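S.K.: Chain residues, written in single-letter form:
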Amino acid sequence: MTARIVIAAALLAIAATLVLAARPHEATADERVDRITAELRCPVCQGLSVKDSPSETARQMRDLVAERVREGKTDAEIEAEFRTAYGDWVLLSPPIASWSGLVWLAPLAAVAAGVVLATGRVRGGAAVASAEPSAAERAALRERVAREEAAEG
Amino acid sequence: MSAGDLGAAALRAALFLALWGTGAAAYASWRRDARALASARIAAGVGFGLVVLAAVAMMFALATHDFRILYVAENNARETPLFYSIIGLWAALEGSILLWTAILAGATAYVAFRGTAAIPRLATTALVVMFAMLTFFLLLITTPAADPFVRLALAPDNGNGPNALLQNHPLMALHPPLLYLGYVLTSVPFAYAIASLIIGEGGDRWLIATRRFALVSWALLGVGIVAGAWWSYAVLGWGGYWAWDPVENAAIMPWLTATAYLHSVMVEEKRRLLRTWNLALVIATFSLTILGTFLTRSGVVNSVHSFTQSAIGPLLLGYLVTILVLSVGLLLWRSGRLRDAGAVGAPLSREAIFLFQNVIFMVAMLTVLLGTLYPLIAEAISGAQLSIGGPYFDRVEIPLGLALLFLMGVGPQLPWHGASRATLERQFTAPLACAAGGALVAVATGTTAIGAVLTYALAAFVAATVVQEFARGIRARGVLHAEGALTAFANLFRRSGRRYGGYVVHLGIVLVALAIATSQARTVDAERTLAPGETLVIAGYAVRLDALRAVHEPQRDSVVADLEITGNGASSQLHPALVQYPSSASAVGSPGIGAGVRDDLYTILAAYDQKALSWATIRMRVIPLVSWLWLGGAVVGIGAVIAALPAPRRRIARQVPLAEAPAPAK
Amino acid sequence: MTLARAVRIAIVVAMLGLVVTLALAFRRDPHDIRTGTIGKPAPAFTAERLDGGGTLSLSDYTGKVVVVNFFASWCLPCTQENPALVRVYERYRGSDVVMLGVVYQESRDSALSYVKRMGISWPALADDDGRVALSYGVFGPPETFFIGPDGVIAGRHIGPIDEGTLITGIEALRREATR
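These protein sequence lines are chains A, B and C, in that order.
Under my numbering, the first residue of the first sequence carries the number 1, and numbering increases by one thereafter.
Under my numbering, the first residue of the second sequence carries the number 1001, and numbering increases by one thereafter.
Under my numbering, the first residue of the third sequence carries the number 2001, and numbering increases by one thereafter.
Don't take each hint at face value.
Said to hold, decoys possible - Heads up, simulated DMTMM-like pairs for lysine to aspartate or glutamate below, C-alpha to C-alpha not over 25 angstroms straight-line:
| no. | chain 1 | residue 1 | chain 2 | residue 2 |
| --- | --- | --- | --- | --- |
| 1 | B | K1611 | B | E1534 |
| 2 | C | K2040 | A | E26 |
| 3 | C | K2040 | C | E2176 |
| 4 | A | K73 | C | E2176 |
| 5 | C | K2064 | C | E2163 |
| 6 | B | K1611 | C | D2051 |
| 7 | B | K1611 | C | E2048 |
| 8 | A | K73 | B | D1525 |
| 9 | C | K2116 | C | E2163 |
| 10 | C | K2040 | A | E77 |
| 11 | C | K2040 | A | D30 |
| 12 | C | K2040 | A | E39 |
| 13 | B | K1611 | C | E2106 |
As the list claims (entries may be wrong) - Which bits of chain C does chain A cover? Going by a derived footprint, with three or more residues having C-beta under 8 angstroms, they are:
| no. | segment |
| --- | --- |
| 14 | 2037 to 2049 |
| 15 | 2128 to 2139 |
Note that these hints are calculated values from the structure, not bench results.
This one's a predicted model, so the numbers in the text were calculated from it and none came from an experiment.
Even glycine gets a Cβ: it sits at the ideal position worked out from N, Cα and C.
Pulled out of the complex, with its shape left as it was, chain A reads as follows (with noise of 0.2 angstroms):
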C-alpha cells in the first residue's frame, strides 16, 4: 500500500513540474531573437543556424532580427523578409503548412505503423495475469536468474 502511495506521490510530483516549467510566459526580445535566429540558416555555413554561427554574414543577420524584434515585426513578418531573400531554403525546418509538411508526418506515421506491428506480435493483455508466477515460483525464478547470471558469458 505504501508503495502505491509513493508511486502516486512521485507521478504528481513530476506532472506539478512539468505544468511549472511549461506555463507560458512573455518572450523578452532576447528570447524572441534566440528564437528567430535558430530557425534561420546560416548562408556561409555548413548548416548552421543563424544563431549559433560564429560567421560574419550569421553576425549582420541577427543584428537585422534584433533590430526587426525592437520595431516590433511579428515573428512571422521577419522570417518572411529573409524567405524574400534566400527563398524556403533559408528555413532550417520547412514550414508545416506547406506540402513538405509531410516531413513532418512521416515519423508520426512511422510510430503508429511500428506500434501497430509491434502490439500484433505482443500477446494481449489479460494473459498477464495468469502469466504471473506465484512466490514460490518467483523465489524459483530468482534463483534460476542467479545461476544464469553466473554461467553467462
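Using the hints, position chains B and C against chain A.
M.R.: Relative to chain A, chains B and C alone:
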C-alpha cells in the same frame, strides 16, 4: 623503388589475392574442401599484410613529404608537423578508403583464421562475403577514382597542406579511425548473417558467433561519434558539438540500428524470437554504413559552398545497390525458414519492451534518413530548394530519445514473459520517487524547458533502476555465495559482465542525456567588441581582453586574444585565435575552451582590427555540463568493454573438423 | 499472411525509392541556386559611395538596365572576373545601362584601395551592416544581379562572371525595354 611504387604494387597484389580468396573460399564452402580453405586463409593473411604495407607506405610518403604522389601533394606540405603528416592518411578521400580497406582486410583475416576454426561451414561462407567486399574496396583504390598512389609527372616544390580544419586539433588522430573501425567491423556480423541465409541455416549460430563483434563495432561507432562531437566542439568554433550535418547523420544512423540489434539479439537468445528481424537489423546496419559513406563521399548532399565532387559516387552507389538487392532478396527468399519458436509475452514483459524500443530506434533512424535525403527528394520532385536542419531533427528526435530513455529504465526491470502488479511495485517504486526528485532538481536549478525537466526526471529514473539492480545483485551474491559487498560487486562484472556492463552503458547514456539536455537548454552567450583592458560580463563571469598578438609559425599565422576570465570561484586564461593556413582562403577560428565539471567557458575570437590590433570582437558561451558528454562516452566505452570481456569458465569448443560441426548446445 | 506481404512490398518500394533518389541526386549541381529574389522587384537601397561622392539610390535608375555586382578584395574569384566587368562597363558607358558595385563584408579603406587598383570606375557602394547583401539573398561574393527597366530582378549569377554572360544578360533586358 619508392614508397609510392611499393604501396601501389602491394595493393594490386592484394587485389589479386582477394579475388583468389573469394574463389577459394567459395570452393571450400561448396565442396567442404580443407585445402581450398587453407589456400583462402593464406590469401587473407598475406592480403592483410599487403594492405597494411600500402597504408604504412602512404604514411611514410606523407611523413617524408614525397610530393611525387598526388595525394601527398594535395594533403601535405613541407611545414606540416610529423604528427599531422602521419594522420594525413585519413585527411582526404583516397587515404580514408585505404585505411578502410586495411581494417576490412584485417577483419577478413580474422574470419579466415579464428572464425573458420570455430564454426567451419558457416564461417567459410562468411569468408566468401568478406573477400567479395574486400575485392570491391581494393578495386576502388586501384582504379583512378580513388587510387591514393596516383603519380604526378612533375613533383611540385611544396604541397597544399592538409585542410585547415584537419590540422588544428590532435583529436583528429582518434575520431576517424574509431569511426572507420566501427563502420568496417559491422561487416563481420553482416557476412555471417548472409552466410547463414545462403546455406539456409535456421538457427542462431551466426548470431552467437558474432555477438562480440556486434558489440565491439557498436561501441567503437558510439565512442567514435562522441569523439567526433568532441572534435567538432573543440575545432569548429561555434560552441556546439552536433549540427545534424549529413556527415554526422551518416554516423548516427548505423549506430541507431546497431543499438536496436544489441537488444533484440537478447530476445532471440533467450526466447528464440525475432529471427528475421535480427537478420534485417544486421543487414540494415551494414547497408547504412555504406549509405553513409556514399552520402558523405560522393558530394550529393553538401552545403552550397563545398566543392568536393568525386568519381567514386557511382561506384559506391552500385555497391550499395548490389548489397541491398542481394541481402534483402536473400532475406525475403529464406524468411519462410526463419520460424520463431513461440510468441512475445505480455505488453509488460522484457521482450515486449525490447520490441517497442526497437520500433523507436527504427523510427529515429528513418527520420534521420528522411531528413537527410528530403532536400534531394523535394528538389527531384518539385525543383524546390529547401533545408532540413537542427530545428527539424531536434523536434523529432528529442521526443523519441526521451521515449527511449523511459524504456531504458523500464525494460531491464521487467521479467521475460510478463510481470505482475506486485513485481511492478517492487521494481519501480524507488525509481519513480527518484524521478520525481530529478524533476524537482531541474526546476529548483531554474530549468524552464519542458524537455530538459523530463530528461532530468528520466535520467534519475534510469540511474535509480541501475543502482537498484547493482544493490540487489550484490545482495544476491552475498546470500548465494557468501561474498562481501566489494567482492560481490567485482564478481557481478566478472561473472555477469554482459548484464552489468550493459547497466554501466546505460549510466553512460544517462550522463550523455543530462549533458545534452542541460547544454541545449541553459547555454548563454554574449558578444562584444573589446579594446585591450576592457571587460565583457556574462552569467557571473568577467572576461577581460588582456592583449591581442600575432603569432607566426612555419605552417600557419595566427592572431591570438589573451583573455583573463574570473567569476563563480574560477579564474582562468583562455587564448582563442584566428588561424590562417596558406592553403585556405579564409582564417579558421580556434576557440579557447576552459573545461569544467559544471560550466565550460567557450571563447571565440570573432573579428579583430587587422591594422593595429587595437580591438577584438569576443564571443563567449557558457555551456553547462557539456564535459559530461565526453565522460558519458567514456563510461559507455568502459561498459562495453566489461560486457565484451569473456566470462571465466565458459569456453567455446575450437578446432572442429570442417566436414560439419554440430550446433553448439546452448 | 497479408500483413507480412504488405510489409515486404513496402520494404521493396522503400529501397527502390531510396536508390532512385540517390541516383537522381547526381544530376544536381550544388552551385545551382534558384532561390530568392529572381522575378521579384529588386529590393530598394540607398548607400554611400566609397569615393565620398554622397549617397546613391537604386530608384535613381528606374527605367534603366542595372547590373549590381557584389565584390570584395579578399575574394579571389572577384579579381578574376574584374577585367570582364571593366570591359563590359566600357562597352556600355553612356548608354542606358548602369553598373553598380556593392562592397561585401570589408572595411571601406581596403575596398577603396582595391577599387582604385582594379580600375573600377563605376560607382562602388558601401554596405557596412550587410543589409543590401542580405536583402538580395547573397551567399558570398562575387554575385551579379541583372535588374530590368521595370525594376524587377531578371537574372542572377553566382561565382565569377564572364564577358559573354554579362552581355547576354544585359542585351536581353535592353531588347525587352525597347519592345
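S.K.: Run every hint past the structure and note whether it holds.
M.R.: Verification of the supplied hints:
{"no.": "1", "hint": "K1611/B / E1534/B", "result": "holds (19 angstroms)"}
{"no.": "2", "hint": "K2040/C / E26/A", "result": "violated (36 angstroms)"}
{"no.": "3", "hint": "K2040/C / E2176/C", "result": "holds (16 angstroms)"}
{"no.": "4", "hint": "K73/A / E2176/C", "result": "violated (38 angstroms)"}
{"no.": "5", "hint": "K2064/C / E2163/C", "result": "holds (20 angstroms)"}
{"no.": "6", "hint": "K1611/B / D2051/C", "result": "holds (21 angstroms)"}
{"no.": "7", "hint": "K1611/B / E2048/C", "result": "holds (23 angstroms)"}
{"no.": "8", "hint": "K73/A / D1525/B", "result": "holds (24 angstroms)"}
{"no.": "9", "hint": "K2116/C / E2163/C", "result": "holds (21 angstroms)"}
{"no.": "10", "hint": "K2040/C / E77/A", "result": "holds (18 angstroms)"}
{"no.": "11", "hint": "K2040/C / D30/A", "result": "violated (32 angstroms)"}
{"no.": "12", "hint": "K2040/C / E39/A", "result": "holds (24 angstroms)"}
{"no.": "13", "hint": "K1611/B / E2106/C", "result": "holds (13 angstroms)"}
{"no.": "14", "hint": "2037 to 2049", "result": "holds (count 3)"}
{"no.": "15", "hint": "2128 to 2139", "result": "holds (count 10)"}
Comparing the model with each earlier hint shows violations of hints 2, 4, 11; every other hint is respected.
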